[in-house]
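2 protein chains.
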Amino acid sequence: MNKILETIYNRTSYRGKYSSEPVPRAHLEEIMKAGLSAPSGCNKQTTSLIAVDDPDIMKKLHEVIQPPVCETAPCMICVLTQKIYAYRDKCFNVQDYSAAIENMLLAAVSLGYQSCWIEGHITDEDKIGRKMADILGVPEDYDLVCFLPIGKAEEELKKAKKKDFWERAWFNGYGKN
Amino acid sequence: MNKILETIYNRTSYRGKYSSEPVPRAHLEEIMKAGLSAPSGCNKQTTSLIAVDDPDIMKKLHEVIQPPVCETAPCMICVLTQKIYAYRDKCFNVQDYSAAIENMLLAAVSLGYQSCWIEGHITDEDKIGRKMADILGVPEDYDLVCFLPIGKAEEELKKAKKKDFWERAWFNGYGKN
Chain A
1 MNKILETIYN
11 RTSYRGKYSS
21 EPVPRAHLEE
31 IMKAGLSAPS
41 GCNKQTTSLI
51 AVDDPDIMKK
61 LHEVIQPPVC
71 ETAPCMICVL
81 TQKIYAYRDK
91 CFNVQDYSAA
101 IENMLLAAVS
111 LGYQSCWIEG
121 HITDEDKIGR
131 KMADILGVPE
141 DYDLVCFLPI
151 GKAEEELKKA
161 KKKDFWERAW
171 FNGYGKN
Chain B
1 MNKILETIYN
11 RTSYRGKYSS
21 EPVPRAHLEE
31 IMKAGLSAPS
41 GCNKQTTSLI
51 AVDDPDIMKK
61 LHEVIQPPVC
71 ETAPCMICVL
81 TQKIYAYRDK
91 CFNVQDYSAA
101 IENMLLAAVS
111 LGYQSCWIEG
121 HITDEDKIGR
131 KMADILGVPE
141 DYDLVCFLPI
151 GKAEEELKKA
161 KKKDFWERAW
171 FNGYGKN
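Chains as they are written, first to last, in the numbering used here: chain A, 1 to 177; chain B, 1 to 177.
No lab work stands behind these hints, which were simulated from the structure alone. Mixed in with the good hints there might be a few duds.
Repeated chains share a single entry, so a pair holds when one copy, or any two copies, can fit it.
Said to hold, decoys possible - The list that follows gives simulated cross-link-like pairs (lysine-lysine, DSBU-like), each with its CA atoms no further than 35 Å apart:
hint, residue 1, residue 2
1, Lys3, Lys127
2, Lys17, Lys131
3, Lys131, Lys3
4, Lys17, Lys161
5, Lys33, Lys90
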């Protein structure tokens, strides 16, 4: 099996304790570059990113992220999105940032780190994402929809249990194997 | 640079002519397995897939895909989604299928194929996605939102022109490098 398939199959969402070992800027840049290499609807490039590795800013961000999640990671990448219309009333910004996030999760794993897609936690009615955006000076026309903790895992990885392959994948027609 | 980053950075959307060389089932299964390995909000696994490699069914599908796009590819993977609530009114099915698609694009490239994320073309008011779903016997509670042509490229790859990295990626605050 090639390295790409192996990474894709083995990646998992990591919510355990992270090592305090810092992540070099060069690695954060590689991960962000991976995110921005994702395709976007009509090439509108609706996704932007802010990596945070300043301990004081990390602390401020985690003060508003309640209940706490992945607070031991030494850094994070915050995902910003803009509702830019691709054409007429069509806007693909959710698709765009999701593809970018998946690329970043894979890139992080390829460099020896773990991460977790944390979205619902900060886009709920208590608008934690906007509080984080305010700390980072993000203008109102962007939404901060997700953050990815980045760091080395100190605990064992656990794979999410999934349905059998043939319950969700078919050939030449619905339900056909 | 590692193989994963290299694949992520170099992947591009291919809309040119495809070779008629068939794609082995084992490869289509690997690509679909990559798609289904993507994370999903609250592990709801809202994405399902149908690979089509039967020439008669390919012909029927391309009859409803108007204007034609990537019609020379020997096969395709159709992406189905279900609006399953993760919790309360929260549904992450767009995020789920987008992450699955990105995984499949990377997996396809890793196996020597090219592809293209074709979504807006079939989810417009003329509801081509529903016509495709009917050909494939897909129940009404699924939406067919995207198809990925899969095959070998016969023309040169072209990379989409993108904004400079530092226009969309920052450290520790909006616009900060």
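Handout entry: Hint check, failures only
Key = Numbers 1 and 3, in rising order.
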